[in-house]
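Student: Residue numbers (my numbering), protein chains in the order written: chain A, 1176 to 1397; chain B, 445 to 690.
Don't take every hint at face value.
Listed below are the simulated DSS-like cross-link pairs for lysine-lysine, each with C-alpha atoms no more than 30 Å apart in a straight line [as the list claims (entries may be wrong)]:
(1) 515(B) - 554(B)
(2) 517(B) - 447(B)
(3) 1313(A) - 470(B)
(4) 1392(A) - 1337(A)
(5) 470(B) - 517(B)
(6) 576(B) - 565(B)
(7) 517(B) - 570(B)
(8) 562(B) - 1313(A)
(9) 1295(A) - 554(B)
(10) 565(B) - 1295(A)
(11) 1313(A) - 517(B)
(12) 1224(A) - 501(B)
None of these hints come from the bench; they were simulated from the model.
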Amino acid sequence: MQNSFDFQYVFELLPTLFRYLGVTMEMALWGFVFALILALGLALVRVFKIPVIQHLAALFISFFRGTPLLVQLFLLYYGLPQISPLFLMDAFTAAVLGLTLHFAAYMAESIRAAILGIDKSQMEACLSIGMTRLQAMKRVILPQASRVATPSLMNYFIDMIKSTSLAFTLGVAEIMAKAQMEASSSFKFFESFLAVAVIYWIIVLFFTRIQHLLEYKLNEAY
Amino acid sequence: MIKISNLSKEFGKLAVLKDINFTVEKGEIIVIIGPSGTGKSTLLRCLNYLETPTTGKIQIGNVDIDAVNHKQKEVTALRQQSSFVFQNYSLFANKTAIQNVAESLITVWKTPTSEALKIAKEILVKVGLADKLDAYPSRLSGGQQQRVGIARAMAAKGEVILFDEPTSALDPEWVDEVLAVMKQLAVERQTMIVVTHEMQFAKEVADRVIFMEDGYIVEQGTPQQIFEQPQNERTKSFVKRALKQH
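Could you build the full structure based on these sequences and the hints that come with them?
Tutor: Take a look at the structure:
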C-alpha cells in the first residue's frame, strides 16, 4: 500500500483542490495590483531622484529583494503584532501584504529599467513644447515603458501565483494548505502534492498563453 | 522680443559657450553657422533650457530667466514661449502624426481634444502630410518625420521656433521637402532661429546670419555681409570653405 501509486486518487482530488483555487488567485491578483501601484511609485521616486525619499525607496527595495519571502511573511504575521496590537491582521491580509511588498521591490526595478531605457530625446521633445516632466511621464514615457516592461511584469505575476503557496504557512486556506490537509489524512503524500503541482502548472500555462497574446498585441500597436 | 545676455555654458571645465549676447526681433529669421563643435547646438538647447546655462539671462516674449537663480516654473514658462525641431526628429513614438502635433495643445494649452485635432490636421495639411495623419512615426520617411516635427513645433504656440540642424540626419532626397516647409514659414514671417550647414538656405532665407566659433559669436550681419564681405579672418576662411562644398 505504502509504495503503490493511486492514480485515481489524484483525479478525485483535483476538483476538491480547484474549489480552493479562488483563494490562491485572489491573493495573487490583489497582490499584483497593489504591487504594481507601489512599484510604479517606487520607480518614479527613483527616476525623478526625489530627495530623501529616493534613498528610502532604495533601502526598501534592497531589503525586500535581499530577504526571503517566507521570512518577510513571518515578520509581518507573527512578528509585527508583538511590537503593537495595531499590526494584528488576518492571515490572508498578511499574505497579500507580504506578496505586495516583496514583488513591488522586484517590479520597481524592472519598471525603472524600462523608463530609463526610453530614449532621452523623448523626454526632451516633451519638455521642448512646454510640458512638465510629470506630464511627459504620463503621456509619452510611461506608455512606451509599459510596452517594454510588460513581459517581465507578467513573469512576476506568474511567479507570484506560485509564491502564494507560502501563505499556507500562515494558515491561509488555499490550494497548498488543502493539499497538505488531504495528504496528512489519507497518507497519500505523493498523490496529493502531485495533484496540487498539476493545478499550479495548468494555471501557469494559462497565464503564459495570455502573456504571449498580450506581447503580440503590444508589438502590433506602433 | 528675444534678448540673450552674457550667456555662458560650461560642461565641467570645458567652456562651450562664452559670453553670448544677441537680440532677435519678432518675425526675424536668424541662421547660425559655424564649424562643428563650436557650441551652436548647445546655444539653441540653452534657449529652450534643454541645457541649463551656467550664467546669463534669456528673455523670450514676456518670460525672463536668469541662469544663476532660476525656478522650475520659469523654465516651463520659457519653454512654452519657444518650440524645438530636433536633428533626429524625436517624434513621440507612441503617437500618430496628428497626435504628435496636437499634444502640446491638449496637454499644455488645455485645448479641447476635438479642436486640437482639427488644428493639428490643418497644420499637417499645410506641410503636405494630409495622407499621413494617422501614421505612426515608424511608418514615415525621414523627410516626413521631420515635417511632422516642424508641424509639432508650429502647433506649440511659441513665439519662436528653434531648428537644430533639421536636415543633417536626412538622406539627400528628403532635404528639399523639409527646407521648402521652412521657407514657407519664413515667408509667413514666423520668428525662427536655425542652426544649419545649408549655406544656400542661409543665403536665401536669413535676415541675419550669426557666425560662431569656439563658443563665441565671431561676427553677425546680413547674408550679404557674411557671405560676400566678411570682416573677420575666421569668418572669411569658414565661408570660403563652406561655399566651395555646396
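Student: Please go over all the hints and tell whether each is borne out by the structure.
Tutor: Cross-check of the supplied hints:
1. Distance check on the hinted pair: residue 515(B) and residue 554(B) sit about 23 Å apart at the alpha-carbon level, within 30 Å; holds.
2. The straight-line distance between the Cα atoms of residue 517(B) and residue 447(B) is roughly 19 Å, inside the 30 Å bound, and the hint therefore holds.
3. For the proposed pair residue 1313(A) and residue 470(B), the alpha carbon gap of about 34 Å is over 30 Å, so the pair is violated.
4. For the given pair, residue 1392(A) sits about 26 Å from residue 1337(A) by alpha-carbon distance, which is consistent with the 30 Å threshold.
5. The straight-line distance between the Cα atoms of residue 470(B) and residue 517(B) is roughly 24 Å, inside the 30 Å bound, and the hint therefore holds.
6. For the hint linking residue 576(B) to residue 565(B), the alpha-carbon distance of about 10 Å falls within 30 Å, and the restraint holds.
7. At most 30 Å may separate the alpha-carbon atoms for a hinted pair to count; residue 517(B) and residue 570(B) exceed this at roughly 33 Å.
8. Between residue 562(B) and residue 1313(A) the alpha-carbon distance is near 23 Å, which keeps this suggested pair within the 30 Å criterion.
9. Restraint check: the Cα-Cα separation between residue 1295(A) and residue 554(B) comes to about 25 Å, which is no more than 30 Å; the hinted pair holds.
10. A hinted pair counts as satisfied when its Cα atoms are at most 30 Å apart, and residue 565(B) with residue 1295(A) qualifies at roughly 27 Å.
11. Distance hint between residue 1313(A) and residue 517(B) is fulfilled; the C-alpha atoms sit about 19 Å from each other, no more than 30 Å.
12. Simply put, residue 1224(A) and residue 501(B) have alpha-carbon atoms about 27 Å apart, close enough for the 30 Å limit, and the pair holds.
In summary, the structure is inconsistent with hints 3 and 7 from the numbered list given earlier, while agreeing with the others.
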